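Chain by chain, the residues run as shown.
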Amino acid sequence: MKELLQELVPYLKTKDAMSYFVNRIDTAILELSSSDVTHLDNYFTLKEMGTLTKYIISFDDLKKLREELMQIPVITIKIAFRPSAYFESMLTDSILRAVKEFCVVQIVFDHHLLGGAVVDFKGRYRDYSVSGAINEWRRRKI
Amino acid sequence: MVFLLGLYITILTAANLGLMLYIMYERYFAFKKEGRKVAEQIMREHFDNMKFDQQTLLADMRNSVQTVISSTELSGQQTLQSLNDYMIKAHTEHLAKFSEFSSKLYSVLISSGNNFSEQMKQYVTDSNNRIEEWQSSYISVMKNEIDSLIGNEKQKLIEFTEQEKKRITSYIKEMAVKDTSIIVEEVLSNGISVKDQEKLAQQAVEKFFNEL
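If you read the protein sequences in the order shown, they are chains P and B.
The first sequence: position 136 = 136 (my numbering), numbered continuously.
The second sequence: position 95 = 95 (my numbering), numbered continuously.
None of these hints come from the bench; they were simulated from the model.
Heads up, some of the hints might be wrong.
As the list claims (entries may be wrong) - In silico DMTMM-like cross-links for lysine to aspartate or glutamate, where the CA-CA straight-line distance does not exceed 25 Å:
id: 1; chain 1: P; residue 1: K63; chain 2: P; residue 2: E31
id: 2; chain 1: B; residue 1: K195; chain 2: P; residue 2: E88
id: 3; chain 1: P; residue 1: K78; chain 2: B; residue 2: E206
id: 4; chain 1: P; residue 1: K100; chain 2: P; residue 2: D16
id: 5; chain 1: P; residue 1: K13; chain 2: B; residue 2: E206
id: 6; chain 1: P; residue 1: K63; chain 2: P; residue 2: E3
id: 7; chain 1: B; residue 1: K207; chain 2: P; residue 2: E68
id: 8; chain 1: B; residue 1: K207; chain 2: P; residue 2: E88
id: 9; chain 1: P; residue 1: K13; chain 2: B; residue 2: E198
id: 10; chain 1: B; residue 1: K199; chain 2: P; residue 2: D127
This structure is a prediction, so every number in the text was calculated from the model and none was measured.
Chain B with its partners taken away, still in its complex shape (with noise of 0.2 Å):
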């Protein structure tokens, strides 16, 4: 009888815990599921922001661009010498606020209170790096290729500076999408403790109250 009863407590006691085992495993999916959904949605929205912008600047860069060329007082030669040096500025330029929007996400991440790892630095550090080179090797390319274009006529000016609007737009697109996705990626797996949020929330509690 008293056999029965341990048999009977112990089954009771293994299917118990087999079913909170169960229970936890289908949450733990259920939140990645939805950190994923996240995830892509803040990045969809970015990639908004960004096109947005570059169309701005694309067309802006076209005008100026046109300006340029079809100014009477400049020789072929002054004309691709300022060709040449807008769109190193305006390339400069994009490319530093996309850095900046990089390094800006992570400082209003820290501020906000979270406790980032190492590697989350590390990536802040490579990815400003990699821009870098990424812009200085692109245009001693671009100044090559202007130089070889001494001479020809402005239609081919023209469509050389289509094509290279075309390509920086995709590379900068691409990088964007590719960034902001391992930053919210961060954010979502590993990048708050439980510890943090609560003190987190309870910082915006008491600051909520600081200002009422």
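Chain P on its own, in the form it takes in the complex (with noise of 0.2 Å):
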């Protein structure tokens, strides 16, 4: 399942890719309810079935990759602007370069920031917003 994870994690960046594919386990599950699992190409893409094949040869496996991504930890990184499809590419890999572990990204827009961002992940959550920055300041000041 490692091995499957290894192959998945990195083509499913972000959390609206991961959720659209645990959507079409959850449709397959559903659906198929049997044991047989020659007729997933119905619910993925030719890509997804080249790695799928590999490692889901019962309906258990199918199951436990579900509960497996369902684990896998989101980070989320709030900014003041809509960011371009290349931004939001760029800063995405960047983040997976950094964490060094399985995980899938989460960007979102909220103009309240004024500029900076702020993150959350598991537990840890900082605010390097401007408007963060001019709250504090006047915390102190004022």
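Using the hints, put the two standalone chains together into the complex.
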């Protein structure tokens, strides 16, 4: 299962991609309702099937994969502007390189921040936003 | 047939372009509207903080002035002089604090990596000069008014002090709201470019992982 995750997770970089993938597993589990996993190609792309067929040989494997995916932590980055697709992809890649463990990225837009970012990962919450800096200064000085 | 097909494609392209422009136009105004809400919220919070701070300062002033006035060891002239000295000190400190707010807010934003315009730098300098000018003219007016009260009763002194407190509070409130509003509007309208926003976000993420 670890080898399967190592192949899948770099492909499922964002929370949205992960949710979409898990939803398709749920649909497959619900609709197939048997131990037959030969028709998985109705639910997954050719590229995904290339990876899945190597490791998924039973229905239980599919359920186990779902459980493993659900446990992967999410790193949430809140930023003050709507990012371009290029920037979003670049930021996601740099985060995944820095984390050094299985995780998926969620980028959220919040104009209240004015600039900078708020990062939330495994209970660690850090506010590096401009509005956070203003509020912090104001709290200490005025 | 070819002509009709060409016409069809032209109409379709024009319609798509029109729709795209309309969506961009809508989004732009939605952003401006949201930006204004943020500016108002920050202004309101700042205003509340200033108000609280002034109430504390004024309560402190009132107590000290009463102590000076009710002191039996001081003659009328000495009382006025002490009151004058105290009020000058209190007002100078308060105005210095407000001036510090403008410059500190500016430095916080600069240290966050924003690329501010020359106009913004000029604004902070003008604002500080304006405060200094007002401060010196106020002190001179107050000195004259207090000097004219020599020989009058204590009650008149108290009334004068209360009146001055109200005047300065109202002025500082007005100035604080105006200045904060300009600073926040500047940030929201053209303070941070998309390039700077990307840089700031990336720096924040790097900082997070360095601190882990």
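Status of the hints after comparison with the structure:
About 13 Å separates the Cα atoms of P/K63 and P/E31, which keeps this hinted pair within 25 Å; it holds. About 13 Å separates the Cα atoms of B/K195 and P/E88, which keeps this hinted pair within 25 Å; it holds. Taking the CA atoms of P/K78 and B/E206, the gap is about 14 Å. The hint holds against a cut of 25 Å. Restraint check: the Cα-Cα separation between P/K100 and P/D16 comes to about 20 Å, which is no more than 25 Å; the hinted pair holds.
For a cut-off of 25 Å, the pair hint linking P/K13 to B/E206 stands: about 18 Å separates their Cα positions. Among the hinted pairs, P/K63 with P/E3 is consistent with the structure: their alpha-carbon atoms are about 16 Å apart, no more than 25 Å. Taking the CA atoms of B/K207 and P/E68, the gap is near 29 Å; set against the 25 Å cutoff, the hint is violated. Taking the CA atoms of B/K207 and P/E88, the gap is about 18 Å. The hint holds against a cut of 25 Å.
A distance of roughly 20 Å separates the Cα atoms of P/K13 and B/E198; the hinted pair therefore holds under the 25 Å criterion. With a C-alpha separation of about 16 Å, the suggested pair B/K199 and P/D127 falls inside the 25 Å cut-off, and the hint holds.
The earlier numbered hint that this structure contradicts is number 7, and it is the only one.
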